[in-house]
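Visitor: Sequence:
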Amino acid sequence: MDAFTRFITSRTDRAIEGYASLWQWSVDEPAAFWRAVWDFYDLGAIAGDSPSVATDDDVLADAAMPGSQWFPHVKLNYVSAVLRHRGLPGAAVVGLDENGRRSELTWSELADATAGFARTLTDLGVGRGDVVAAYLPDIPEAVVAFLGAAYVGAIWSGCGQDYAPEGAAGRLAQLRPKVLVSATGYRYNGKDVDKVADSDALARLLPDLVAHIVVGDSTSASRGGVEQIPFDAARPADGSGLQPEPVAFDHPLWVLFSSGTTGKPKGIVHGHGGVVVEHLKAAGLHGDLGEHDVFFWQTALSWMMWNFQVAGLLCGSRIVCYSGSALYPDADRLWQLVESEGVTYFGTSPGQLQASRKAGLVPGKEHDLAPLRILGSTGSTLAADLFTWVEENVKAGMPISSISGGTDVVSAFAGGSTGVPVVAGELSVRYLGVALQSWAPDRTPLVGEVGEMVVTAPMPSMPVRFWDDPDGARYRRAYFEHEWDSPADRPVWRHGDWVTVTDRGSLVIHGRSDATLNRHGIRMGSADIYEVVEGIEEIAEAFVLGVDGPDGKYWMPLFVTLVPGATLDDALRGRIASEVRSRLSPRHVPDEVIEAPGIPHTRTGKKLEVPVTGILAGRAEVAIDPKSVDDYGLIDWYAEQGRTHRW
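What the sequence shown shows, in this note's numbering, is residues 2 to 648, in sequence order.
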C-alpha cells in the first residue's frame, strides 16, 4: 500500500496524506484510480494486442449502475496474470488433508498442468463460453481445473462435495456444463467420505456432459454415454503451443451462486478483467500479499473465499488448500497447519477463533507463528472480544482484518489495511475504490449512526449479469430497486447490511437489514447481540429472531447451543440478560432464552435468520430448500417452537 501511494503521488499533483486521503481520491476519481491499479501491476503486459489504457474513457466508458463498462477495449485472460509468475522458485500450490497427507505443485508444474488440462478440454471440444463444473473438495486439482478452464475461455463453476447430488445439480445444472470434474471422496471429521456414487448421480443430472473427469482412483470408462477420464490422465496432456485465450474484459470467468435457501439459487457471473483488478487490489494492496507470502484461507469450493484464496496466485504468493474439518481432531488443527506451512496470511472465521478461545488454546505459545503477520476473518461479524483474544493469545500487534464482502462482488467492501490502526469490533477501512456509505431512509449519508449499507459508484467486480436473466430484471431487483427510491433517484447498490461508518472511516456491521430486530420501533442488529452472548463461556452459538404477531405483538426469542458440559439454568439465563442489558440496552434483552439442538446455516455458514423468522411467524409462503441448509432437520424443530408459542 505504501508503494502504491508513492506510485500515485509520482503521477498526480494530488497530495495523498494517509489512507483516508487515498480512499477519498479513489472514489472521487475512479477511472484514474483503477488505471493506477492497472499500471501499478503492469497488467498491460498480459493484455496482448489490446490498445493502451491511457485515458479515463479507456478505463470507465460508462459509470451507470447497473451496466457500467470497464476497460472496453481490453482483452486479457485471468490465467495470464497468474502464469507470469511461473519463473518463481518453490511451490505455488500446497494441498493438505485431514490425515496430514501433503502434495505440492511448483510454479512451473502448475503452468504445465494448467496447459495440459486446457489441452484436454480443447480435445473434448470445450472452448470459449462453454461451462466446466466442479464437485470437489479444496484440493490443488481444483485450482488446476479452474485455471485450465479459464485458459481456453470456458466458464468455471464449483460446488463442494458436502452437497448431495440434487443440491449440487440445483446450481450446476442451470449452467448446462460440458465437463464435470469430481473426486472419488475425501476425509472429514475423522471419517472417509465416499463420493463415487454421488458424483455419478450428479453426472446423470447434467444432460449436456461430454466428459466426467475424476480425481482419485479411477479408470477411463464410459458411463451413460459420458466419457469418464482419470484426472491424472487429463492433467499431463501436452499443452505445448497452447496459450491462454484472450477474452474481453467482461467475458465470464466463473459463476458463483447465492445460497438458494428460499428459492432457486441465483447464478452470479463475474468477468475475467473485473476479478483480476479487484483481487489484485484486495489481496495485493489491502492484504499486502507478494512473492514471499504463504496465503491460507480455510474455505470450500461453494464459498467465494475459495475464489479469493486463488487470488494469492495473482500476487505471486503460495496458496494452501486444506480438505478437512477446521476442528478435527480438535480446535488446534488449523494452528498446526499455520505453523507447519509457515503461513504469513491466515484467513479464518469467527467460529474457528471462538472454538479456539473456548478450548483454552494459546496458539502463540504452543506454535511457532513467527512468519504469521496478518489474520483475516469473515463469514460473520468478528466480535470485539475475539480481537482481544487474538492479541493476547496469538500474536501481539498483528493486524486483524475483519472483512465484509460477498459472493455478489467476489471481493470485500471493507476490511483491514496495512498501516491503519485496528480497533476491536471494527472493520478498519472502506476498501479503495468502494464508494460505501451508510444511508438514512431519505438517502442522507450518516456518520456515527446506523444506516443501510450502500455503494454509490460501480466496482469492476460487480456482476456482469445473472445467469439466465436476459433482460437483467432479476439483477436489478436484487441490488438496485428499493422501496425508498423515487423514479428520479440515481440507482445505488444496496447490500442488505446495517452499518455504522465512524468519524474515523472505520465500520461496524450490525447484521442483515432484511433480518432487522424491530422492537417497539427501535431497530437493532442481530450481530450486536451475538457479540455479547457468544462471548459467554457456556454459549457455543446464538440465534436471535424478531417475530411479528397479531395485534402488533412482537416476540424476540434467543436460541442458544451450549458447549459440552454446560447447562442452561436460571442462573445462566440471568447472566445472559444482564450482559445484554449492560453492554447493549434493556431493549436488546430477549423475551426468552431457549436451548436449541443446533443453529441452521446456509452451506456457506450464514445463519438462516430471515426464513426461520418467517417460519416462526407461521407464514405459509416460506419454503426452505433442504439442499441449501447444513442441517435441514433443525427446521422442523424451529417450526414447532413457533407452533407452541402462545401470543
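Just so you know, these hints were derived from the structure itself, not from any lab. None of the values given here were measured: they were computed from a predicted structure. It is possible that part of the hints are untrue.
[Said to hold, decoys possible] When the alpha-carbon atoms are kept at most 30 angstroms apart in a straight line, the in silico DSS-like pairs for lysine-lysine are as follows:
1) K366 with K396
2) K179 with K554
3) K179 with K265
4) K192 with K554
5) K607 with K265
6) K396 with K359
7) K607 with K76
8) K628 with K554
Visitor: Now, for every hint given, state plainly whether the structure supports it.
Guide: Here is how each hint holds up against the structure:
no.	hint	in the structure
1	K366 with K396	holds (9 angstroms)
2	K179 with K554	violated (53 angstroms)
3	K179 with K265	holds (21 angstroms)
4	K192 with K554	violated (47 angstroms)
5	K607 with K265	holds (17 angstroms)
6	K396 with K359	holds (17 angstroms)
7	K607 with K76	violated (36 angstroms)
8	K628 with K554	violated (33 angstroms)
Checked against the numbered hints above, the structure violates hints 2, 4, 7, 8; every other hint is satisfied.
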